[in-house]
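S.K.: What follows is each chain in one-letter form.
Number of protein chains: 2
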Amino acid sequence: MALIVQKFGGTSVANAERVAHVADIIANTYRQGNQVVVVVSAQGKTTDELIAKAQEINPNPSKRELDALMATGELVSMSLMAMALDKLGIPAKSLSGWQAGVHTDSTHGASRVKRVDAERLRNELDKGNVIIVAGFQGINKYDDVTTLGRGGSDTSAVALAAALDADLCQIYTDVDGIYTADPRIVPDAIKIDEITYDEMLELASLGANVLHNRSVEMAKKYNVNMEVLSSMTGAEGTFVKEVTDVEKLLIKGVTKDINIARISAMGVSDKPGIAFRLFSLLAKNKVSVDIILQSVGRDGTQDISFTVASKDAPQVVQLLEERKDTLGLQSVVCDNDVAKVSIVGAGMETHAGVASKMFEALGEANINIQMIATSEIKISVLIAEEEANRAVAAIHDAFYGE
Amino acid sequence: MALIVQKFGGTSVANAERVAHVADIIANTYRQGNQVVVVVSAQGKTTDELIAKAQEINPNPSKRELDALMATGELVSMSLMAMALDKLGIPAKSLSGWQAGVHTDSTHGASRVKRVDAERLRNELDKGNVIIVAGFQGINKYDDVTTLGRGGSDTSAVALAAALDADLCQIYTDVDGIYTADPRIVPDAIKIDEITYDEMLELASLGANVLHNRSVEMAKKYNVNMEVLSSMTGAEGTFVKEVTDVEKLLIKGVTKDINIARISAMGVSDKPGIAFRLFSLLAKNKVSVDIILQSVGRDGTQDISFTVASKDAPQVVQLLEERKDTLGLQSVVCDNDVAKVSIVGAGMETHAGVASKMFEALGEANINIQMIATSEIKISVLIAEEEANRAVAAIHDAFYGE
Chain A
1 MALIVQKFGG TSVANAERVA HVADIIANTY RQGNQVVVVV SAQGKTTDEL
51 IAKAQEINPN PSKRELDALM ATGELVSMSL MAMALDKLGI PAKSLSGWQA
101 GVHTDSTHGA SRVKRVDAER LRNELDKGNV IIVAGFQGIN KYDDVTTLGR
151 GGSDTSAVAL AAALDADLCQ IYTDVDGIYT ADPRIVPDAI KIDEITYDEM
201 LELASLGANV LHNRSVEMAK KYNVNMEVLS SMTGAEGTFV KEVTDVEKLL
251 IKGVTKDINI ARISAMGVSD KPGIAFRLFS LLAKNKVSVD IILQSVGRDG
301 TQDISFTVAS KDAPQVVQLL EERKDTLGLQ SVVCDNDVAK VSIVGAGMET
351 HAGVASKMFE ALGEANINIQ MIATSEIKIS VLIAEEEANR AVAAIHDAFY
401 GE
Chain B
1 MALIVQKFGG TSVANAERVA HVADIIANTY RQGNQVVVVV SAQGKTTDEL
51 IAKAQEINPN PSKRELDALM ATGELVSMSL MAMALDKLGI PAKSLSGWQA
101 GVHTDSTHGA SRVKRVDAER LRNELDKGNV IIVAGFQGIN KYDDVTTLGR
151 GGSDTSAVAL AAALDADLCQ IYTDVDGIYT ADPRIVPDAI KIDEITYDEM
201 LELASLGANV LHNRSVEMAK KYNVNMEVLS SMTGAEGTFV KEVTDVEKLL
251 IKGVTKDINI ARISAMGVSD KPGIAFRLFS LLAKNKVSVD IILQSVGRDG
301 TQDISFTVAS KDAPQVVQLL EERKDTLGLQ SVVCDNDVAK VSIVGAGMET
351 HAGVASKMFE ALGEANINIQ MIATSEIKIS VLIAEEEANR AVAAIHDAFY
401 GE
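Each protein sequence line maps, in turn, to chains A and B. Under this note's numbering, the first residue of the first sequence carries the number 1, and numbering increases by one thereafter. Under this note's numbering, the first residue of the second sequence carries the number 1, and numbering increases by one thereafter.
The following block holds chain A by itself, in its conformation from the complex (with noise of 0.2 Å):
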């Protein structure tokens, strides 16, 4: 017998009859005499109507309000998913964040989960109930609702995993598994069996988008083994773990992320200090900056180029534009029109010749590098965007093809 953690997203509860696919699932895991913890999201919408609700009334609501509102999604799925699996004649009880003891911090609409007193959990799994728990919300000290942010409900399941000392954790999602590139753009992307969590964490921060990136972090923190698997087919998708077996893939993917820009600061005085003065100004505006290139400088001035969101962007030029005489820079210049595309893989640290290969595709492909960013497990570059789609593919064939 083993305890098991599985969770649902929106689509999968969308509907009466989507919602006894799911139960179905569920009592399956049950019957096969595994104890049951599941995790529902909102159905379809739902929270994005929640809002418009909210809006109508206040377009400027406060969090805490806003909190209560949006909990009240999850709250629906919970009660109709225990409804659909009672009519299967399966034990189940429904239970709220607070009611599951999930608490957080006090960041209304982005809190993080502190603890989860998993007594009332452990009272109703032995009494031999599936528990079907409300994701995405907890509470705070004051006992005010809480919710956990976009994804959210990854969290939840990964919490409850942990705090239970679970099994498996799966996630259930639209998609099979993680691949090794998006399928929409690489049409012969290989379905992973395994992946760390650190390669995990690097493709979902790279725009993979299949997993909230804070449920793996807390997965690798509490070591909960994960999977990522669809509702619809039932077959084995991918398990996020420690470790991998030896047999691994040298890269577990490739990934583009368009949202991004980049930034140059142009003549810039070839001073001490000028660097730390402009990146310390954006951190203070906690504005984040992922790749640096700081060009050698002639005429006693040099160029600074970085990337940040998209997002940012604006507000970015608009800090360097005011303080470009105490910064002592001459132009600010910022490309929207750039797309990060990037390796993962936990093999490339002992394998030599990962860089120059997908340089090579590149190259082969006829697309210019604009930056070059490295980690242990990653290689990012920076391109322009309309050629985003063609870089993958390329690299993809380079280290997959035939």
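A few of these clues could be false.
[Stated by the list, open to error] Under the rule of at most 25 Å between Cα atoms (straight-line distance), these lysine-lysine pairs were calculated in the DSS-like manner:
no., chain 1, residue 1, chain 2, residue 2
1, A, LYS141, B, LYS141
2, A, LYS284, A, LYS324
3, B, LYS141, A, LYS127
4, A, LYS311, A, LYS63
5, B, LYS220, B, LYS114
6, A, LYS87, B, LYS53
7, B, LYS53, A, LYS53
8, B, LYS53, A, LYS45
9, B, LYS284, B, LYS311
10, B, LYS127, A, LYS63
11, B, LYS45, A, LYS53
12, A, LYS53, B, LYS87
13, B, LYS220, B, LYS241
14, A, LYS286, A, LYS311
15, A, LYS87, B, LYS63
16, A, LYS311, A, LYS324
17, B, LYS87, A, LYS63
18, A, LYS311, A, LYS284
19, A, LYS141, B, LYS127
[Said to hold, decoys possible] Which residues of chain A face chain B? A few of them, derived with a C-beta cut under 10 Å, are:
no., residue
20, LEU50
21, LYS53
22, PRO59
23, ASP67
24, GLY73
25, MET78
26, MET81
27, SER94
28, LEU95
29, TRP98
30, VAL145
[As the list claims (entries may be wrong)] Here are the in silico distance ranges between beta carbons for each label pair:
no., chain 1, residue 1, chain 2, residue 2, range
31, B, GLY89, A, GLU119, 37 to 47 Å
32, A, ASN123, B, LYS271, 55 to 65 Å
33, B, THR11, A, ASN15, 24 to 34 Å
34, B, GLU56, A, ALA355, 49 to 59 Å
35, A, LYS127, B, VAL289, 35 to 45 Å
36, B, LYS45, A, PRO183, 42 to 52 Å
37, A, GLU119, B, ASN15, 36 to 46 Å
38, A, ARG115, B, GLY89, 34 to 44 Å
39, A, ILE51, B, ALA235, 31 to 41 Å
40, A, ILE51, B, ASP24, 17 to 27 Å
Note that these hints are calculated values from the structure, not bench results. Remember, it's a predicted structure, so these values are computed and weren't measured experimentally. We put the CB at the ideal spot given by N, CA and C, even for glycine.
Start from chain A and add chain B according to the hints.
M.R.: Below, chain B alone, put in the same frame as chain A:
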């Protein structure tokens, strides 16, 4: 400075526009220097929609899960109302049933409030907040969400008013008070300024349908001053309290109830204990019997007639038919086309002639009285259903005419 509890029903908060209108009422009360606790119902038809959603998934859902589901309707209302007040610059905080400390027994779907732990409510009021409480709901000793049944938000409001020792509990509705008769039947019906708890209870149980009976019982028990008023007109409504003024109306209202049936057990053997056995059989089956008429027997038999709620009539007929022999009765007759018309007034016990005036009015209108029942503050007659409206009008005219 007074502490006022204000309750708004589902129609009053049905959409963004109405929520804004109610927020204005609350804001005015607050700006006049009062502490305000607001109780809201679910928006419009939300509760019915949630029940339909449940039915689609499981035609016979568990009452625990149905409670968890239905309670979300009021959670949506409470947060939207807090947002609307926030927009008006009024500090407001929403609290669910459990956050407001509303503890109930475990009869899911029809729970009774056992106590209100008002500590948090008092703290939030002391901070200067308007508190918006989700009506209709509480939690039981297992920390499960419960609901109080139809009209339960009235009970929530009175329970909170009692716990906080509020000066007034205002029940906002779509009528502007309690009338001496249903204005749709009797256009001359008069709005009552004040009415006692007992009178209100008789009126409510007789079908006046303005206040939930349980809320009036609780108001009486804890001596909570209530006011029934309209959220549209803003005019003073009807006060429900212990002692009314001296210049009180002789009778407070004329009501009809058509949801009853008359059952006649014919030819019952005229032996001691038969009536007892018959009514204890009904009590054991949780059927409430109202008016009873036992005819004088002849030929060693008698007829026993009594009224029950229409919905119970088929069960009663079946019970009696099955036990014809043991009860020693010849036949069972059920008449659904009857109505109970009643007058209510605490004044009638000290005024002779009230009953005769009522019967005279019916006689002049040529309406036949089938059965009569009286209490200290009420006289009811059973008549043919088709004559009910005419009876109400005739009686009302006799007492209030000219």
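S.K.: May I ask which of the numbered hints given earlier this structure violates, with the numbers listed in increasing order?
M.R.: none
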